[in-house]
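Peer 1: Be aware that the sequence shown starts at 1, since it is given in our numbering, and climbs by one per residue.
No wet-lab data here; the hints were simulated from the structure.
Treat the hints with care, since some could be wrong.
[Said to hold, decoys possible] The calculated label-pair distances, taken between Cβ atoms and stated as ranges, are: (1) R189 / P167: 40 to 46 angstroms; (2) S254 / D178: 36 to 42 angstroms; (3) D206 / P373: 34 to 40 angstroms; (4) A423 / A34: 56 to 62 angstroms; (5) D279 / G202: 32 to 38 angstroms; (6) E176 / R57: 20 to 26 angstroms; (7) L363 / S186: 35 to 41 angstroms; (8) D42 / A423: 30 to 36 angstroms; (9) D12 / D283: 41 to 47 angstroms.
Even for Gly, the Cβ is constructed at its ideal location relative to N, Cα and C.
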Amino acid sequence: MSADRAVASIPDGARICMALGVAQPPAILHALAARAEAGGIDGASLYYLLSTSLAGRTVLRRELRHRLRPMSLFHSAVERAIDRDAAEKGDPDVDLIPVAFSRVPRMLRDEVGVDTLITQVAPPDENGDFSLGTNVDYAHGVAGSCARVIVEVNRHMPRTGRHGTIPLSAVTAIVEHDQPLPEMPSTPRRPEDEAIAALVAGLIDDGACLQMGIGAVPEAVCAALHGHRHLGVHSELMTPGLASLMQAGVVDNSRKRERPGRTVFTFAMGDGGFYRFLDGNPDAEAHPVDYVNDFAVIARNPKMTSINATLEVDLHGACNSEGMNGRQFSAAGGQLDFVRGAGASEGGRSIIACHSTAAGGTLSRIVPRLSGPVTTPRNDVHIVVTEFGVADLRGKSLVERRRALIAIAHPKFRDELTAASDARRSGS
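From just these sequences and the hints, can you work out the full model?
Peer 2: Laid out in structure tokens, this is it:
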């Protein structure tokens, strides 16, 4: 049916689950925004992670907010821009629900009670099943409990394995719309990125199983790993950098205990060539996030090595990866899921990697006290890396942690961090 007809079935007050990132459905979002603009729907809420500019131009527009209320579970640049604008005009910010990525499907089903799912899918296979493609994540978990499952079939969406499919019988409405998927632009690398990548690559053993985030540092790490052997991948996010390691034979998944021989992920972002690489590739499987991010599942892989970014690290080792000075930047995502999974793995390592400074070098990312929430507690943090070195915090006292972290801070901030550390110890 048409997108207009499909969204006409969504009632006032609906609790709508919008797909994450690449899977946000263009035709459906345009139709839903048009219906809201015409006053055809009221009091609905949108629950989602990581919106794209498409959502920002359609259902997340300011003038629709009283009809389609955004309920973000992970901010992107779209929400950050909305919040900046809201601060200037006095309008309400986008609401955020704090939650670990691993718990999102259960939360949406059991606590929120979403009743409508909107997502893109690949064309049906011979059994009539639709692959959720780049975004199995939470869509798979809520599809079976929603009163309405509205899918946008797009021939550009890759098929990513049988573990991330939904049957025709679960679908309420089908909209056909072919459009190239959003592409993630590559981030230019700075010298600091290359320095961090070299240090991180030196911490990764042959045979390790990797979880990587997004951005210049993870892509630089992937580029630095081409001399390694028998690596595996069990990662919430699949990226072109990890795909390049598969294509080079560096990643063969031969040492994994969980899904050996297979790269496992729950969502993917990249470019057209990357999406074609994933399509029907038996060596790359997308699974639901409550499986991929289950710390017990993660821990089954020996030498599990997680690599994540943060906004700031305090002198005890606690990390804030979500927001600073009252402003939400992103959210917790799956960072703690993988920090704990890698920490419980045989020979595992959890690495937090960040530049030593922010705001053009005017702020230190190593700080006396966090200015936002604790995303990863000091009890869980293992290794912190900046371009100035590596701080392994396991087994270290508070005094030893302070010294190790100050040693990898930018040199121009070390004296004031030392003074702050001394003041904190003396209670002043």
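Peer 1: Next step is simple, just say for each hint if it's right about the structure.
Peer 2: Against the structure, the hints come out as follows:
For R189 and P167, the hinted distance range of 40 to 46 angstroms is satisfied, since their beta carbons lie about 43 angstroms from each other. Separated by about 38 angstroms at the C-beta atoms, S254 and D178 satisfy the suggested range of 36 to 42 angstroms. At roughly 36 angstroms, the beta carbons of D206 and P373 sit within the given window of 34 to 40 angstroms. In this structure the hint that A423 and A34 lie 56 to 62 angstroms apart at CB holds, the actual value being about 58 angstroms.
Checked against the hint of 32 to 38 angstroms, the C-beta distance between D279 and G202 comes to roughly 34 angstroms, which is consistent with it. The beta-carbon spacing between E176 and R57, approximately 22 angstroms, falls within the hinted interval of 20 to 26 angstroms. At roughly 26 angstroms, the beta carbons of L363 and S186 sit outside the given window of 35 to 41 angstroms. A C-beta distance of roughly 54 angstroms is found between D42 and A423, which places it outside the suggested range of 30 to 36 angstroms.
In this structure the supplied range 41 to 47 angstroms holds for D12 paired with D283, their Cβ-Cβ distance being about 46 angstroms.
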